[in-house]
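Number of protein chains: 2
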Amino acid sequence: MPKQNGLFVGGVDGGGTTFKCCISTVEGEILRSERFVTERPKDTIDACADFFARCAKDGQPAEAIGIACFGPLDIDPQSANYGSILNTPKPGWSGFNVRNELAHGAGLPVVVDTDVNGALAAEMAWGAARGAKSAVYVTVGTGIGAGIFANGDFLGRPTHPEFGHIRVTRHRDDIYAGACSFHGDCLEGLASAPAVEARFGPPALMAADHPGWEIVACYLAQACISLTLTVRPEKIVLGGGLLLAPGLIDHIREQYAAMLNGYLDMPTDAVAQLIVLPGLGDNAGLLGGAQLALKRLAGE
Amino acid sequence: MPKQNGLFVGGVDGGGTTFKCCISTVEGEILRSERFVTERPKDTIDACADFFARCAKDGQPAEAIGIACFGPLDIDPQSANYGSILNTPKPGWSGFNVRNELAHGAGLPVVVDTDVNGALAAEMAWGAARGAKSAVYVTVGTGIGAGIFANGDFLGRPTHPEFGHIRVTRHRDDIYAGACSFHGDCLEGLASAPAVEARFGPPALMAADHPGWEIVACYLAQACISLTLTVRPEKIVLGGGLLLAPGLIDHIREQYAAMLNGYLDMPTDAVAQLIVLPGLGDNAGLLGGAQLALKRLAGE
Numbered sequence: 000m001p002k003q004n005g006l007f008v009g010g011v012d013g014g015g016t017t018f019k020c021c022i023s024t025v026e027g028e029i030l031r032s033e034r035f036v037t038e039r040p041k042d043t044i045d046a047c048a049d050f051f052a053r054c055a056k057d058g059q060p061a062e063a064i065g066i067a068c069f070g071p072l073d074i075d076p077q078s079a080n081y082g083s084i085l086n087t088p089k090p091g092w093s094g095f096n097v098r099n100e101l102a103h104g105a106g107l108p109v110v111v112d113t114d115v116n117g118a119l120a121a122e123m124a125w126g127a128a129r130g131a132k133s134a135v136y137v138t139v140g141t142g143i144g145a146g147i148f149a150n151g152d153f154l155g156r157p158t159h160p161e162f163g164h165i166r167v168t169r170h171r172d173d174i175y176a177g178a179c180s181f182h183g184d185c186l187e188g189l190a191s192a193p194a195v196e197a198r199f200g201p202p203a204l205m206a207a208d209h210p211g212w213e214i215v216a217c218y219l220a221q222a223c224i225s226l227t228l229t230v231r232p233e234k235i236v237l238g239g240g241l242l243l244a245p246g247l248i249d250h251i252r253e254q255y256a257a258m259l260n261g262y263l264d265m266p267t268d269a270v271a272q273l274i275v276l277p278g279l280g281d282n283a284g285l286l287g288g289a290q291l292a293l294k295r296l297a298g299e
Numbered sequence: 000m001p002k003q004n005g006l007f008v009g010g011v012d013g014g015g016t017t018f019k020c021c022i023s024t025v026e027g028e029i030l031r032s033e034r035f036v037t038e039r040p041k042d043t044i045d046a047c048a049d050f051f052a053r054c055a056k057d058g059q060p061a062e063a064i065g066i067a068c069f070g071p072l073d074i075d076p077q078s079a080n081y082g083s084i085l086n087t088p089k090p091g092w093s094g095f096n097v098r099n100e101l102a103h104g105a106g107l108p109v110v111v112d113t114d115v116n117g118a119l120a121a122e123m124a125w126g127a128a129r130g131a132k133s134a135v136y137v138t139v140g141t142g143i144g145a146g147i148f149a150n151g152d153f154l155g156r157p158t159h160p161e162f163g164h165i166r167v168t169r170h171r172d173d174i175y176a177g178a179c180s181f182h183g184d185c186l187e188g189l190a191s192a193p194a195v196e197a198r199f200g201p202p203a204l205m206a207a208d209h210p211g212w213e214i215v216a217c218y219l220a221q222a223c224i225s226l227t228l229t230v231r232p233e234k235i236v237l238g239g240g241l242l243l244a245p246g247l248i249d250h251i252r253e254q255y256a257a258m259l260n261g262y263l264d265m266p267t268d269a270v271a272q273l274i275v276l277p278g279l280g281d282n283a284g285l286l287g288g289a290q291l292a293l294k295r296l297a298g299e
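Respectively, the protein sequence lines represent chains V and H.
Per numbering that gives the first Met the number 0: the first sequence = residues 0 to 299.
Per numbering that gives the first Met the number 0: the second sequence = residues 0 to 299.
Since the hints were derived computationally from the structure, they do not count as laboratory data.
Be careful, since some hints might not be right.
One copy or any two copies: either way a pair holds, since identical chains are not told apart in the list.
As the list claims (entries may be wrong) - In silico lysine to any residue, SDA-like type, Cα no more than 25 Å apart, as pairs:
1) K56 to P157
2) K294 to D152
3) K41 to A131
4) K132 to N150
5) K132 to G280
6) K89 to Y262
7) K89 to L263
8) K56 to E213
9) K89 to I29
10) K89 to G261
11) K132 to G106
12) K89 to M265
13) K132 to N80
14) K132 to A79
15) K89 to T267
16) K132 to P76
17) K132 to A197
18) K56 to D152
19) K56 to A176
20) K41 to L276
21) K132 to R39
22) K41 to G200
23) K89 to N260
24) K132 to S78
25) K132 to P40
26) K89 to D264
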């Protein structure tokens, strides 16, 4: 018998490949979830709305829904296009307003933010950045992006950071031109999953002692250094598919410390506490949506 | 006859070479100022206290004093060492508490922050970043540092950014090893005044068409790109001695746009409005101190 007491919120992890939906308690307990292949936008959102309608019928009505969504995305609540997917190669999605469509279909208040802002909100509430006043969530996968929280809100309002495209210093053994269609050898161009695969083959098949990991770690360590020197966050959570590689986080921490070269007087255990893996794993996006909904209900 | 109406605040621009003091109105009008060579810490602060005592006697009493101070510096109001200069090569200054000493000497509330946070506060109140909700002040001189304001406060609390030490991509014609004793070829190691002088001679003697400016602009453009992609500030104010070079700001804007390569869809005039020179010139530090005092009086 489903849990029926207390307040429930809906979370949506809107990805380019799958949309996941859940009902969560205010404590971040996922009571029920489903996933749908990301197809035509209207069909995808209809499937989400239908999920929340069935949950309500079963005694688990969401008070509000949050979508942690792929982008580019208009996340400015003051904008006429708040909730719209911006220019994207995904057929049919450019200009589609995921928020309005779901609000209409589900008959509920819906908020939307970037997938990384959502994941960060969840990690700060229930995961690896719990209790931190400032934190960053970096995803390293098909692309590289970051959600950054400081001084009580996400950075980059009314838009959002585009952290994947910062410049980095080349690793001395790396002659790869870079995979970014805009910038060639920016961070994303050198350290995203496609950039790794182009040089070393599929990341999942690379042995833990493959020398390519040192090169990847060199760039991701620079990303962490840049975040530290700019924002001084209490936590840097490194997520995304590439961070599933065993030991990569240790390489990153080592190179971070080596490159800072004692500048901030940070002992080894301080680095290990600063640069961490996600605490919520696959559920960061879903719980990110739920946390966005909770923040909305709390008036934040 | 001196202005005697209204509220006055004291501003101190605490530099490694000179300390400047002023009495300012709440509108940022400097009514009176003096400068002292930075000598032994006690003598320097005594000279400041004496200035404010004379101003009070002349009918211009400061309600509070703000110090925009050189560092490294403890700027955490919760810290037992709030207002202390940290480890510095300047003889006698390490561990000296500029705030406590001036508060005691002047008998007034004194607040202290970094020189760049102070300059940024002044530029946001009365200068080139007036009206911006988020902004950055970068100083490029003997070192490179940044004050960053977003979401209602400076970034990096309870410490401050160390932005000068981010990694950058090398200019293809630049083989200089870098001047930073910690990191060699970080931003400061490649683009600070000593790094420029080491390659091209004194910056003040470099002609406007010296090819070295393209190299300097390449690194400072990367700094602006990094700030944009991380913080999305409304204004990036570039100050410090090096920015006195005629035309350097234009080189930086051009390379910023060229390196972004259309990624953020920012027209030329948007770049010119984003990356700007200081509006307060030499007075940014003094008015920074005054603005810090005003924020304190306003309870911020």
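To see whether the hints hold, each was checked on the structure:
1. In this homomeric assembly, K56 and P157 never come within 25 Å of each other (Cα to Cα): the closest approach is 36 Å inside a single copy and 49 Å across copies.
2. In this homomeric assembly, K294 and D152 come within 25 Å of each other (Cα to Cα) both inside a single copy, at 11 Å, and across copies, at 21 Å.
3. With identical chains, the CA atoms of K41 and A131 are never at most 25 Å apart, being 38 Å at best within one copy and 39 Å at best between copies.
4. In the homo-oligomer, the alpha carbons of K132 and N150 lie at most 25 Å apart both inside one protomer (8 Å) and across protomers (13 Å), since each shortest distance falls under that limit.
5. Only within a single protomer do K132 and G280 lie at most 25 Å apart by alpha-carbon distance; the minimum there is 21 Å, versus 35 Å between protomers.
6. Taking CA atoms no more than 25 Å apart as the test, K89 paired with Y262 passes between copies only; the shortest distance there is 18 Å, against 44 Å inside one copy.
7. In the homo-oligomer, the alpha carbons of K89 and L263 lie at most 25 Å apart only across protomers (19 Å), although the nearest pairing inside one protomer, at 43 Å, exceeds that limit.
8. For the homomeric pair K56 and E213, neither the shortest alpha-carbon distance inside one copy (52 Å) nor that between copies (66 Å) is at most 25 Å.
9. In the homo-oligomer, the alpha carbons of K89 and I29 never lie at most 25 Å apart, since the shortest distance is 29 Å inside one protomer and 57 Å across protomers.
10. In this assembly of identical chains, the alpha carbons of K89 and G261 lie at most 25 Å apart only when taken from different copies (20 Å versus 45 Å within one copy).
11. Taking identical chains as interchangeable, the C-alpha atoms of K132 and G106 are never at most 25 Å apart, the minima being 34 Å within one chain and 34 Å between chains.
12. Proximity of K89 to M265 under the C-alpha cut-off of 25 Å is restricted to the inter-copy arrangement: shortest distance 23 Å between copies versus 44 Å within a copy.
13. In this assembly of identical chains, K132 and N80 lie within 25 Å of each other by CA distance solely across copies; the values are 22 Å between and 30 Å within a copy.
14. When the C-alpha separation of K132 and A79 is checked against a cutoff of 25 Å, the pair qualifies only between copies, where the shortest distance is 21 Å, while the shortest distance within a copy is 31 Å.
15. Taking the shortest alpha-carbon separations for K89 and T267, neither the intra-copy value of 43 Å nor the inter-copy value of 29 Å comes in at or below 25 Å.
16. With identical chains, the CA atoms of K132 and P76 are at most 25 Å apart both within one copy (23 Å) and between copies (17 Å).
17. For the homomeric pair K132 and A197, neither the shortest alpha-carbon distance inside one copy (38 Å) nor that between copies (41 Å) is at most 25 Å.
18. In the homo-oligomer, the alpha carbons of K56 and D152 never lie at most 25 Å apart, since the shortest distance is 35 Å inside one protomer and 45 Å across protomers.
19. Proximity of K56 to A176 under the C-alpha cut-off of 25 Å is found in neither arrangement, the shortest distances being 55 Å within a copy and 68 Å between copies.
20. When the C-alpha separation of K41 and L276 is checked against a cutoff of 25 Å, the pair qualifies neither within a copy, at 34 Å, nor between copies, at 48 Å.
21. In the homo-oligomer, the alpha carbons of K132 and R39 never lie at most 25 Å apart, since the shortest distance is 39 Å inside one protomer and 38 Å across protomers.
22. When the C-alpha separation of K41 and G200 is checked against a cutoff of 25 Å, the pair qualifies neither within a copy, at 36 Å, nor between copies, at 63 Å.
23. Within a single copy, K89 and N260 get their C-alpha atoms only as close as 43 Å, which misses the 25 Å cut-off; across copies the closest is 22 Å, which meets it.
24. Taking identical chains as interchangeable, the C-alpha atoms of K132 and S78 lie at most 25 Å apart only when they sit on different chains, with a minimum of 17 Å there against 28 Å within one chain.
25. Neither within a single protomer nor between protomers do K132 and P40 lie at most 25 Å apart by alpha-carbon distance, with minima of 36 Å and 35 Å respectively.
26. Taking CA atoms no more than 25 Å apart as the test, K89 paired with D264 passes between copies only; the shortest distance there is 20 Å, against 46 Å inside one copy.
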